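K.L.:
Here is how the chains run, residue by residue.
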Amino acid sequence: MTLADLPLLERHEMQRYRLMRRLPGIVAVVLVCCVVAVLVIAPLCAVLYRAVFDADAVMPSLTSRYLVEVLGKRIYWDALANTLLVSGGAALLATLLGVSFAWIFERTDTWMRGVLQWISQLPIFIPPFVGAVAWALLAAPRSGVMNHLLAALDLPGVLNVYSRWGMLIVIGLYLAPYVMMIVAAALRSMDPSLEEAAQVCGLTPSQTMRRITIPLLTPAVLSGAVLSFTIAIGLFGTPVVLGWSRQILMLTSRIWIGAQEVPPNYGVMAVLSIYLLALSSFTTWLQRMLIGRRVYTTVSGKGFRPRVVELRGWRWATCALAALYVLATILAPIAILIAAALSRYTWSGSYSLSTALGYLQSDDVWFTLQNSVVISVLSASIATLIGIVIAWIVVRTRLRGRGVLEYVVLLPISMPGIAFGVGMLLFWINMPLSIYGTTLIIVFAFVGRFTAYAVRSVSASLIQVHPELEESARVCGYGPLRTFTRITLPLIRASVVAAWLLLFSFFMTELSMVVILYTAQDRTFSVLSFEAWNVGDFSRLASYSLLQMAVGIVFMAILKTCFRSWSAPRSIQPVTPN
Amino acid sequence: MSIVVRRLQKSYGAQPVLKSVSESFADGQISVLLGASGCGKTTTLRCIAGLERPSGGEIVIAGETVYQAAPPVWVAPERRHVSMVFQSYAIWPHMTVFENVALPLRAAGIKGERARDAVMETLRLVGLDTFASRGATQLSGGQQQRVALARAIVSEAPVILMDEPLSNLDAKLRVEMRVEIRALQRRLGRTILFVTHDQEEAMSIADTVYLYHAGAVIQRGAPQDIYDHPATRHAAEFLGRANIIADYQWQMSASGAVFTLPGGVSLPAALAQAPRAGELLCIRPEKWRVREAGTPRSIAGRVAETSFVGNRTEYRIDTPFGQMSAVQLDAGPRRPGELVGIEVAADDIRVVGA
Numbered sequence: 000m001t002l003a004d005l006p007l008l009e010r011h012e013m014q015r016y017r018l019m020r021r022l023p024g025i026v027a028v029v030l031v032c033c034v035v036a037v038l039v040i041a042p043l044c045a046v047l048y049r050a051v052f053d054a055d056a057v058m059p060s061l062t063s064r065y066l067v068e069v070l071g072k073r074i075y076w077d078a079l080a081n082t083l084l085v086s087g088g089a090a091l092l093a094t095l096l097g098v099s100f101a102w103i104f105e106r107t108d109t110w111m112r113g114v115l116q117w118i119s120q121l122p123i124f125i126p127p128f129v130g131a132v133a134w135a136l137l138a139a140p141r142s143g144v145m146n147h148l149l150a151a152l153d154l155p156g157v158l159n160v161y162s163r164w165g166m167l168i169v170i171g172l173y174l175a176p177y178v179m180m181i182v183a184a185a186l187r188s189m190d191p192s193l194e195e196a197a198q199v200c201g202l203t204p205s206q207t208m209r210r211i212t213i214p215l216l217t218p219a220v221l222s223g224a225v226l227s228f229t230i231a232i233g234l235f236g237t238p239v240v241l242g243w244s245r246q247i248l249m250l251t252s253r254i255w256i257g258a259q260e261v262p263p264n265y266g267v268m269a270v271l272s273i274y275l276l277a278l279s280s281f282t283t284w285l286q287r288m289l290i291g292r293r294v295y296t297t298v299s300g301k302g303f304r305p306r307v308v309e310l311r312g313w314r315w316a317t318c319a320l321a322a323l324y325v326l327a328t329i330l331a332p333i334a335i336l337i338a339a340a341l342s343r344y345t346w347s348g349s350y351s352l353s354t355a356l357g358y359l360q361s362d363d364v365w366f367t368l369q370n371s372v373v374i375s376v377l378s379a380s381i382a383t384l385i386g387i388v389i390a391w392i393v394v395r396t397r398l399r400g401r402g403v404l405e406y407v408v409l410l411p412i413s414m415p416g417i418a419f420g421v422g423m424l425l426f427w428i429n430m431p432l433s434i435y436g437t438t439l440i441i442v443f444a445f446v447g448r449f450t451a452y453a454v455r456s457v458s459a460s461l462i463q464v465h466p467e468l469e470e471s472a473r474v475c476g477y478g479p480l481r482t483f484t485r486i487t488l489p490l491i492r493a494s495v496v497a498a499w500l501l502l503f504s505f506f507m508t509e510l511s512m513v514v515i516l517y518t519a520q521d522r523t524f525s526v527l528s529f530e531a532w533n534v535g536d537f538s539r540l541a542s543y544s545l546l547q548m549a550v551g552i553v554f555m556a557i558l559k560t561c562f563r564s565w566s567a568p569r570s571i572q573p574v575t576p577n
Numbered sequence: 000m001s002i003v004v005r006r007l008q009k010s011y012g013a014q015p016v017l018k019s020v021s022e023s024f025a026d027g028q029i030s031v032l033l034g035a036s037g038c039g040k041t042t043t044l045r046c047i048a049g050l051e052r053p054s055g056g057e058i059v060i061a062g063e064t065v066y067q068a069a070p071p072v073w074v075a076p077e078r079r080h081v082s083m084v085f086q087s088y089a090i091w092p093h094m095t096v097f098e099n100v101a102l103p104l105r106a107a108g109i110k111g112e113r114a115r116d117a118v119m120e121t122l123r124l125v126g127l128d129t130f131a132s133r134g135a136t137q138l139s140g141g142q143q144q145r146v147a148l149a150r151a152i153v154s155e156a157p158v159i160l161m162d163e164p165l166s167n168l169d170a171k172l173r174v175e176m177r178v179e180i181r182a183l184q185r186r187l188g189r190t191i192l193f194v195t196h197d198q199e200e201a202m203s204i205a206d207t208v209y210l211y212h213a214g215a216v217i218q219r220g221a222p223q224d225i226y227d228h229p230a231t232r233h234a235a236e237f238l239g240r241a242n243i244i245a246d247y248q249w250q251m252s253a254s255g256a257v258f259t260l261p262g263g264v265s266l267p268a269a270l271a272q273a274p275r276a277g278e279l280l281c282i283r284p285e286k287w288r289v290r291e292a293g294t295p296r297s298i299a300g301r302v303a304e305t306s307f308v309g310n311r312t313e314y315r316i317d318t319p320f321g322q323m324s325a326v327q328l329d330a331g332p333r334r335p336g337e338l339v340g341i342e343v344a345a346d347d348i349r350v351v352g353a
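Sequences listed follow chains A and V, in order. As numbered in numbering that gives the first Met the number 0, residues 0 to 577 make up the first sequence, in order. As numbered in numbering that gives the first Met the number 0, residues 0 to 353 make up the second sequence, in order.
The shape of chain V in the complex, shown without the other chains (with noise of 0.2 Å):
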């Protein structure tokens, strides 16, 4: 079922969290809303809910209004058919893990052999069948998520809303879990809204990335497009990192641009079209090839900080035109102070909003 919100907004008194925010988050997919903290995606997701009113704006879940500013609609958060998984997990202390999952299709007034049923094909779907019977705080960190999941699926609700539920996990685990609901999903089809702050958690989960910054949605798009084309400065530096160059003369030719930084360097780019003012160049770190000094059109440089991390070496160097970062799979370690010359292909140059 779809989600779709129409020039949402929220303010807390007179600070605005969301600044008309229209969307819509297509059925049977993973949809991200990615950003740092206070950017207003969580506000997002507890509107969806019901948990937060809105200060304007529509919210339509599956062809339904839920809430409208005017005329007012407002459809307590009981009553929307979402089911949602919270940061904290918000498992009820006083009851057991079967209980936990079973409230949902109490409320629902569903009872009996065929809500007990449901409950233990839930649990054994995610692993906990055998911990019906336990308390709910005799969990460990990983099996209170799983109950969480399982009392966001039991309800067959279309909808899943999930607030950073990964976040309180440790990293090993947290990897894990993201295939997991992957592949739940995967089964069963539903629409799930994830919120998260990492980015790397954003791309491996995500159908469509939504990238919030200060209360708006600044891109949206598959992960590999929105890493491949970012529109902004920050879209660049949120996902993934990024080497920002604003000091640049350009000229168009046949086959593209060619940029003149500072220090004469030339530089050619497969372009369709000119740069408009005050928009940046953009190259990832890993577009860059670190070669020997003097490899013919190469730019000149030196390394100022080399660091091994394993899998990879990350270097820091010092061009004409400002400190590069260059991430090299290949190549065993050069030391800082080692003279070197980069390049990057003509078509791994991006130009981006500032």
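So here's chain A without its partners, still in its complex pose (with noise of 0.2 Å):
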């Protein structure tokens, strides 16, 4: 039967109810655009607002009053200038550091190079924060371990954290494994016939070294840079902690006391994050224009399986090398951790279970790791969900819009924490409706945040999914929504759970939004550990640190296992030679 024989009333009928069924995707998308404006624009217009108008007046008119005060105090520019020195000189050493250890694993025959790449990436898992602390308790210039150590010994010289230089070291020691995945990568995709075309040319080691693999991998490195940078700049934990006692303070670290002003500093604030904002966005350009065409597509989705150069001795020195970087990163911090966790006050001399438990006990320390618990879930699903969405909408909908739908959710992506907190806090403040208060505003600042991440993921892997594997389904008899419940999503679950993973450990140590937005109600973990910090109780704060990883890999550990039996490894694209 076709529509054209059907009476007219009847043919109405069929297409209202064809407009119907196509309803519940409009309504989609239009949920989600309206998602994206609130929890992505929204904070960022809150932020350009409040820098350049008085809204504290009664009639808010534009004002100059605080670009002027950030331009005419000297501490912003230190704070500008700090934040400058240590994050380009933490991006350098990170990139120095990641581009070593990339080559050494994917290139050499570095004795357990396996094993020592895997556990290179784990610092990414560390939390900045605990990071920090951990280093503050090794080489506080008095009281820090190694230096107690030195003294011992006899030798001369004290280390002092506590330092540009000690800012600079700690973070770049953490943003290494950033720029050595991205190095890897690139090493791994990349074809070995390119460089050994080159010696077949009659270039020697080094001149196919210097003319071919390095001009290679100069976006990898450029991209491994800049992401560090980026990362640097908007870091609240390791900067405060290191850098408080001499008032070596980041922009990060001025904005979090314009927070504790009475009545807090909005406008300044503002200003500051504009600060971050330019910086990142202004890397992130620079990347762009540096690279700009020289995309060169090494990825052909093959395994390659490239030429390992044979160190011969020095196999163990660079294996002493990586093993020396797992010892600064992770070992030492995480000894020093439980050695304070376990003294009754820091460095006593006597060590106790019992102290280390003790602090566990309180009431306090339950309330906020549940809280913690819940808003990490609750954000890591809600972000997930919407990112389901929206890398479905961008990679299989031909919808017009999509691209700005991508790159606004994708713009926090480089924006640094602290300003995106500043943003949420900013539009809420002064909103009829108050969620300036509770948790709800922690959830909607990491979903506006780090929904980009799951996007990512999620859409990486939709686009291995051949559109053809969703329309024989249709073919076959299937609705779009079984198509999706059935074959696509069982076919992408492996980056949801992976995307949801990431999530939630990001959420669970979270600090640089969250000092921004609690209130005592809503307290995380998170802050709880940075105010045991504050009173400067360093034997709390190690075991509160613990806790919080113990808790996060508890609940990786367990996750993995609950989802390993149907998100294991299987080749999504089907075998098709072409």
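Please note: incorrect hints may appear among the correct ones.
[What the hints assert, rightly or not] Below, computed lysine to any residue pairings styled on SDA-like, alpha-carbon distance capped at 25 Å:
| hint | chain 1 | residue 1 | chain 2 | residue 2 |
| --- | --- | --- | --- | --- |
| 1 | A | Lys-72 | A | Ala-258 |
| 2 | A | Lys-559 | A | Gln-120 |
| 3 | V | Lys-110 | V | Ser-139 |
| 4 | V | Lys-286 | V | Arg-219 |
| 5 | A | Lys-559 | A | Ile-381 |
| 6 | V | Lys-110 | A | Ile-381 |
| 7 | A | Lys-559 | V | His-93 |
| 8 | V | Lys-286 | V | His-233 |
| 9 | V | Lys-110 | V | Gly-140 |
| 10 | V | Lys-110 | A | Thr-487 |
| 11 | A | Lys-559 | A | Ala-497 |
| 12 | V | Lys-110 | A | Thr-484 |
| 13 | V | Lys-286 | V | Arg-301 |
| 14 | V | Lys-286 | V | Ala-353 |
| 15 | V | Lys-18 | V | Ala-353 |
| 16 | A | Lys-559 | A | Phe-483 |
| 17 | A | Lys-559 | V | Lys-110 |
| 18 | V | Lys-110 | V | Pro-71 |
| 19 | A | Lys-559 | A | Leu-330 |
| 20 | V | Lys-286 | V | Pro-267 |
| 21 | V | Lys-110 | V | Pro-70 |
| 22 | V | Lys-286 | V | Val-350 |
| 23 | A | Lys-559 | A | Pro-479 |
| 24 | A | Lys-559 | A | Leu-384 |
| 25 | V | Lys-18 | A | Arg-397 |
| 26 | V | Lys-110 | A | Leu-115 |
Simulated from the structure, these hints should not be mistaken for laboratory data. Please read these numbers as outputs of a predicted model, since none were measured by experiment.
Two chains, two frames, a set of hints: combine them into the complex.
P.N.:
Right under this line is the structure:
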């Protein structure tokens, strides 16, 4: 029966019926756009607005007051200089270490390189704040364990982590894995025949390295460097822990100080946030300019077996270097945290398990821990869900404006968290609908800032799923919904689980946004740790940090084992020769 | 079940891909849509499957209008009761062979013993019954292709659409599968629409070939008919090879036409009607016979190139009216530079449109 055969009235009915069937799709798209507008665009606009509008006056009016205040005071110039120096230096160090390790692990016969490569990625999962606390315990000028050790061995010199150099090195050490992972991936996917061709053409190995390998790697190295710089300028925990005692303050620390003032200095916070946004945008832009059109598509999806450089005697040296890195970023920090947690008060010399357990028995700990888990689970689930919808819209539909949607939702990825948190705060603080002061604002901030990760993870795997896999299900008689749940979702679920886990681990330790948004009623566990640091109780702080990491690990382990059965890596693409 | 498309149009933005195609594809036959890439053949198939929404026209499958521009009709792909074999096979990697083939039945609400029997029966038909519990990704290319085929026939959908189903197989397997698909179709009597860009594949498998060019069907017919009587130069050159002669004069005579070619060569042809302005002469390479130089009534030529390809010898021969390709099954290779005489029968000369 065709539509033309129907009486006019029934035809109307059918068209209305068809619209009704499409309605869920339309509603979903509109909903997602609204969510993105409120969670991503609104905070950014709030920052810009608050920087140049005097919102406290009866009639909000344009003002240059905050700009003048920031530009006119030396402390803010110092903060900017510190941020640039420390972050630039840290990015440089991270790039140097990251590229070296990528090369060592991917292209040499270094002893135990497989295990070391795996372990060297772990520092990413140590919260920056916790790493900083551990390093404060290790190398504080007088009380640091390493300085005690130096004195005991009668060696001259004092290590001082409470300095620009100290901050630079600690941040750089913990950012190195990001660069390493990017560069290692580039090395892995580089077709070895490119290098072989150069050698056949008469280039020596060192010329090949200089003229072929390094230029091919430049885009990866640059994006690693830019990534570590943008992370560094947005760090809050590390600079504040290491810089506070000597008042070496960065922009993020200044924003936090602005929030502590009574009443909070929102205008200055907004201007400083714009500094951070401008810095991260500028570096991203610079990266694009430098790489330009030099996007080398060496990635062909094939697995290559690159030639391995035989280091002979040096393979022990490179192994030792990697081991030293693991010691500095993981083993020593965890050991010192355990020692600190067990000692009655910092370095009293008497250790007992009961002290550590005693710290963990307060109601505060369990309340904030519970709060953190609830917030993290909720935010990770919402962000993943929105991520799936957006990834699907971007990859699978021809909807107009989907490019804009993707751009907007990916925008916060390079944005310093604290600036985003300030935007969230400024947007909601004067809203009639009050979510400020509730857990919800933290959830909103997490989702707004981090949905980008879910979108990237899911769309990367959705692209891998050949559209014909879905089309054939449609032709076989599955409707759009069943096709999605029975075909698409099972094929991308590994990436969905991965995205959720990544977000969860971010959220459990997030400090730089929470420190701006929390109130007494909705503290998270990372805020509790931060407060312990604030009162200088390092033993308590150490036990909190260990608990935080333990909870993260346990949670991940449980989920991984639960999901392993059905997220086992399978070839997503059907075996097609071309 | 026959498929009819009327004034079917599809454009991406301003770019027209299908320019008003009106065809009917016969019931119980293999219709092959043949053409170079980008000619609109796959788009036609995807419009019929409901995977693309046409920009205009009408599609009727087995008497039911599944798409119509105005008043609007749209039947979703899952309710068109067609099945399809994709170029990538589209075997779901998270399911076993059995689950892959069972899915169309499950979608139709057929379960239990009945579904199981149907799936196993179909797998037996394509020779994969021992692979039922295998993961779909553990199969070779040829086996995946059979799974795709099994999935297309299991639901007993009367129409099977095949989008370049053999292009990912190696040459030997491709020839085998052609024969198998042909045999399967004879046995099951389904209507098959088969898209390919391979003219040899098209001719060997088709009941009717629909030759596409630039978004339109330029000729349709049995493979032999199209090969013997190409309508245009493009049809002649896409289906097989052709010598095209544009520069000629003609005179009608009692037995047909006599063409006068450059160099004073005269060529009698058995033609019913006079060629129209702009039409071209077309001679298939295998229609030329290569003889000794000076053979009576032959055209003098000189061998420019010879290639021996096993079962035949291919020549390029310089003549006063241009270089001709000729293919000979007999006679040992003549060397380049050798003078020859070539001739063609009067009823092997065709006149084609430009």
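K.L.:
Run every hint past the structure and note whether it holds.
P.N.:
For each hint, the structure was consulted:
1. At most 25 Å may separate the alpha-carbon atoms for a hinted pair to count; Lys-72 (chain A) and Ala-258 (chain A) meet this at roughly 18 Å.
2. Taken as a hint, the Lys-559 (chain A) and Gln-120 (chain A) pair is honoured in the structure, with Cα atoms around 18 Å apart against an allowance of 25 Å.
3. Between Lys-110 (chain V) and Ser-139 (chain V), the direct Cα distance comes to roughly 29 Å. Violation of the 25 Å bound is thereby established for this hinted pair.
4. Taking the CA atoms of Lys-286 (chain V) and Arg-219 (chain V), the gap is about 23 Å. The hint holds against a cut of 25 Å.
5. Restraint check: the Cα-Cα separation between Lys-559 (chain A) and Ile-381 (chain A) comes to about 19 Å, which is no more than 25 Å; the hinted pair holds.
6. Restraint check: the Cα-Cα separation between Lys-110 (chain V) and Ile-381 (chain A) comes to about 36 Å, which exceeds 25 Å; the hinted pair is violated.
7. Simply put, Lys-559 (chain A) and His-93 (chain V) have alpha-carbon atoms about 19 Å apart, close enough for the 25 Å limit, and the pair holds.
8. A hinted pair counts as satisfied when its Cα atoms are at most 25 Å apart, and Lys-286 (chain V) with His-233 (chain V) qualifies at roughly 19 Å.
9. The hinted pair formed by Lys-110 (chain V) and Gly-140 (chain V) fails the criterion: a straight-line CA distance of about 29 Å is larger than 25 Å.
10. Between the alpha carbons of Lys-110 (chain V) and Thr-487 (chain A) the distance comes to roughly 22 Å, so the proposed pair stays at or under 25 Å and holds.
11. At roughly 9 Å between alpha-carbon atoms, Lys-559 (chain A) and Ala-497 (chain A) fall within 25 Å of each other, so this suggested pair holds.
12. Proximity of Lys-110 (chain V) to Thr-484 (chain A) is assessed by CA-CA distance (about 19 Å); at most 25 Å being required, the pair is judged to hold.
13. In summary, the hint linking Lys-286 (chain V) to Arg-301 (chain V) is supported, as the alpha carbons are separated by about 18 Å, within the 25 Å threshold.
14. Restraint check for Lys-286 (chain V) and Ala-353 (chain V): the C-alpha separation of about 21 Å stays at or below 25 Å, so the hint holds.
15. Distance hint between Lys-18 (chain V) and Ala-353 (chain V) is fulfilled; the C-alpha atoms sit about 20 Å from each other, no more than 25 Å.
16. Simply put, Lys-559 (chain A) and Phe-483 (chain A) have alpha-carbon atoms about 24 Å apart, close enough for the 25 Å limit, and the pair holds.
17. For the suggested pair Lys-559 (chain A) and Lys-110 (chain V), the alpha carbons sit about 34 Å apart, so the restraint of at most 25 Å is broken.
18. With a C-alpha separation of about 35 Å, the suggested pairing of Lys-110 (chain V) with Pro-71 (chain V) is violated against the 25 Å cut-off.
19. Our distance criterion of 25 Å between C-alpha atoms is met by Lys-559 (chain A) and Leu-330 (chain A), whose separation comes to about 24 Å.
20. About 14 Å separates the Cα atoms of Lys-286 (chain V) and Pro-267 (chain V), which keeps this hinted pair within 25 Å; it holds.
21. Our distance criterion of 25 Å between C-alpha atoms is broken by Lys-110 (chain V) and Pro-70 (chain V), whose separation comes to about 38 Å.
22. Taking the CA atoms of Lys-286 (chain V) and Val-350 (chain V), the gap is about 15 Å. The hint holds against a cut of 25 Å.
23. Restraint check: the Cα-Cα separation between Lys-559 (chain A) and Pro-479 (chain A) comes to about 30 Å, which exceeds 25 Å; the hinted pair is violated.
24. Restraint check for Lys-559 (chain A) and Leu-384 (chain A): the C-alpha separation of about 19 Å stays at or below 25 Å, so the hint holds.
25. The hinted pair formed by Lys-18 (chain V) and Arg-397 (chain A) meets the criterion: a straight-line CA distance of about 22 Å does not exceed 25 Å.
26. Restraint check for Lys-110 (chain V) and Leu-115 (chain A): the C-alpha separation of about 52 Å exceeds 25 Å, so the hint is violated.
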